[in-house]
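> Below, each chain spelled out in residue letters.
2 protein chains.
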Amino acid sequence: MATKQLGRPMPSLVHYPLDPSSRLIRLICAEYGVPLDLEEMRPWLRDEQLLELNPAATLPILFGESETPAIGILAVIHAVEDFYVPADGGSLMPGDPHARAEMWRLVEWVLFKLNDEVTRYLIEEKIAKRDQRGATPEPSVLRAAKTNLTEHMLYFNWLLASRNWLGGDEMSLADFALAAHLSTLDYMGDLDWAKANEVRDWYSRLKSRPAFRTLLNDRVVAMPPSKGYADLDF
Amino acid sequence: MATKQLGRPMPSLVHYPLDPSSRLIRLICAEYGVPLDLEEMRPWLRDEQLLELNPAATLPILFGESETPAIGILAVIHAVEDFYVPADGGSLMPGDPHARAEMWRLVEWVLFKLNDEVTRYLIEEKIAKRDQRGATPEPSVLRAAKTNLTEHMLYFNWLLASRNWLGGDEMSLADFALAAHLSTLDYMGDLDWAKANEVRDWYSRLKSRPAFRTLLNDRVVAMPPSKGYADLDF
Chain A
1144 MATKQLGRPM PSLVHYPLDP SSRLIRLICA EYGVPLDLEE MRPWLRDEQL LELNPAATLP
1204 ILFGESETPA IGILAVIHAV EDFYVPADGG SLMPGDPHAR AEMWRLVEWV LFKLNDEVTR
1264 YLIEEKIAKR DQRGATPEPS VLRAAKTNLT EHMLYFNWLL ASRNWLGGDE MSLADFALAA
1324 HLSTLDYMGD LDWAKANEVR DWYSRLKSRP AFRTLLNDRV VAMPPSKGYA DLDF
Chain B
1144 MATKQLGRPM PSLVHYPLDP SSRLIRLICA EYGVPLDLEE MRPWLRDEQL LELNPAATLP
1204 ILFGESETPA IGILAVIHAV EDFYVPADGG SLMPGDPHAR AEMWRLVEWV LFKLNDEVTR
1264 YLIEEKIAKR DQRGATPEPS VLRAAKTNLT EHMLYFNWLL ASRNWLGGDE MSLADFALAA
1324 HLSTLDYMGD LDWAKANEVR DWYSRLKSRP AFRTLLNDRV VAMPPSKGYA DLDF
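So the sequence lines, in the order shown, correspond to chains A and B. Using my numbering, you'd call the opening residue of the first sequence number 1144 and step up by one each time. Using my numbering, you'd call the opening residue of the second sequence number 1144 and step up by one each time.
Since the hints were made in silico from the structure, they are not lab data. Careful: at least some of the hints might be erroneous.
The list cannot tell twin chains apart, which means a pair is met if one copy fits it or any two copies do.
Within a straight-line C-alpha distance of at most 27 Å, the following computed BS3-like cross-link-like pairs (lysine-lysine) qualify [stated by the list, open to error]:
(1) 1272 x 1256
(2) 1272 x 1338
(3) 1338 x 1256
(4) 1338 x 1269
(5) 1289 x 1256
(6) 1269 x 1370
(7) 1269 x 1289
(8) 1256 x 1269
(9) 1370 x 1289
(10) 1338 x 1370
Based on the sequences and whatever the hints tell you, model everything.
Below, the structure written as structure tokens:
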């Protein structure tokens, strides 16, 4: 157990294990060497406790340095960047303005476009619906999400064919954002690596980082991860 | 053709007049005293020129200080903040971390939640569909979007009943984000001020700012603005 410094409690994250935005924050904090207390919530239940914190009922929520929490993925990304970048450098936000702009373009793509067209539908159909009312996924929605996912994978594969990291030469927040989404999709068994060799190589590099370990041990009740999910040699 | 200053041409924004994210950038730049060259594009046409710049076919796109453009609302917000905050201060991002976190929570709410549940449907139904194929709006979609809008307005009204500005004591990016969306909704005649007195008072203060003038002169072909759109005493 980590020794707590006086007046500086361990930051605490309200999260759901398969929520990709929550995973992104867990990855960044692990990468920055910041231990997190984790408190699990299922956002689709819209608990009173969650709605009081965040009427939008979205995750993650970070209780950190300031008295009030940072709420929602954009606020939490910036709070982590404000408070937890290691003193010896190593921020996941590139210093070069051009690289930073490219990073934000891709972060927006992943957190909002990929989420809107793929991830949120698959979580809703495969996890939330079953958990809320024992319902089974609607096949037409799964099909549409998978078709969209194929297009996204082609694009990322094309980008990574000419780049070392998603945003360019440097590893950045954009890599962790995409890895967070892919790790959720991989858990649910929705990734087809056959046509995405470049993405597979890149994901394999990220998955081998110590920061990734915490995610690979996640288990969601009643839904074991797909074969290969925790395998570094998938 | 504009006379360019050596090494520092006027920044140029690829936008659509009623796109709320484009409006947000026009408002911030006007507030910061940064003149913009405007180039109009209709993102739903997915022009080759647009797709080459941004395969996501979203706006805005800012050509500014660096060689390559900033693409998408998050990249452009950060590029403007990096390069165009007036030297004498007055950034729309609060210095206090708590206020900044609250700003990001609300920016995310407006740019993604309000957009997803309201604005993008109304633009699609009222503008894009007609422009693309002369189609009329689908009444059930308009109804759902308006019902969602009522809920959002109640929330913003509740917030503004106890706050001077949307994020708290200071005017911030959150105010301009919401004002950009409301100005688009107002143009299309979708706002009902009757149950939103606090929002109306707040919007009236923002609308009176010089930065707002540029938006109030916008006219979209074949769709005149609603009564009161450009009226400071609406």
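> Up to 27 Å between alpha-carbons, please classify residue 1338 paired with residue 1256: within, between, both or neither.
Cα proximity of residue 1338 and residue 1256: one copy only (21 Å, versus 33 Å across).
> Under a CA distance limit of 27 Å, which applies to residue 1272 and residue 1256: within one copy, between copies, both, or neither?
both (22 Å within a copy, 21 Å between copies)
> Indicate which option fits the pair residue 1272, residue 1338 if close means a Cα-Cα distance not exceeding 27 Å: within, between, both or neither.
neither (30 Å within a copy, 35 Å between copies)
> For residue 1256 vs residue 1269, is the C-alpha pair at or below 27 Å within one copy, between two copies, both, or neither?
Both: 20 Å inside a chain and 22 Å across chains, each within 27 Å.
> When no copy is named, should residue 1338 and residue 1370 be tagged within, between, both, or neither for a Cα gap of at most 27 Å?
Within one copy only: 18 Å inside, 54 Å across.
> At most 27 Å between alpha carbons: which applies to residue 1289 and residue 1256, within, between, both or neither?
Answer is both; intra-copy 14 Å and inter-copy 23 Å each pass.
> Checking residue 1269 and residue 1289: alpha-carbon separation at most 27 Å within a copy, between copies, both or neither?
within (13 Å within a copy, 30 Å between copies)
> For residue 1269 vs residue 1370, is the C-alpha pair at or below 27 Å within one copy, between two copies, both, or neither?
Intra 17 Å, inter 47 Å, cutoff 27 Å: intra-copy only.
> Measure nothing new, just compare the shortest in-copy and cross-copy C-alpha distances for residue 1370 and residue 1289 to 27 Å and report within, between, both or neither.
Within one copy, since 18 Å is at most 27 Å while 45 Å is not.
> Under a CA distance limit of 27 Å, which applies to residue 1338 and residue 1269: within one copy, between copies, both, or neither?
within (24 Å within a copy, 39 Å between copies)
Violation of the numbered hints given earlier is confined to hint 2; every other hint is satisfied by the structure.
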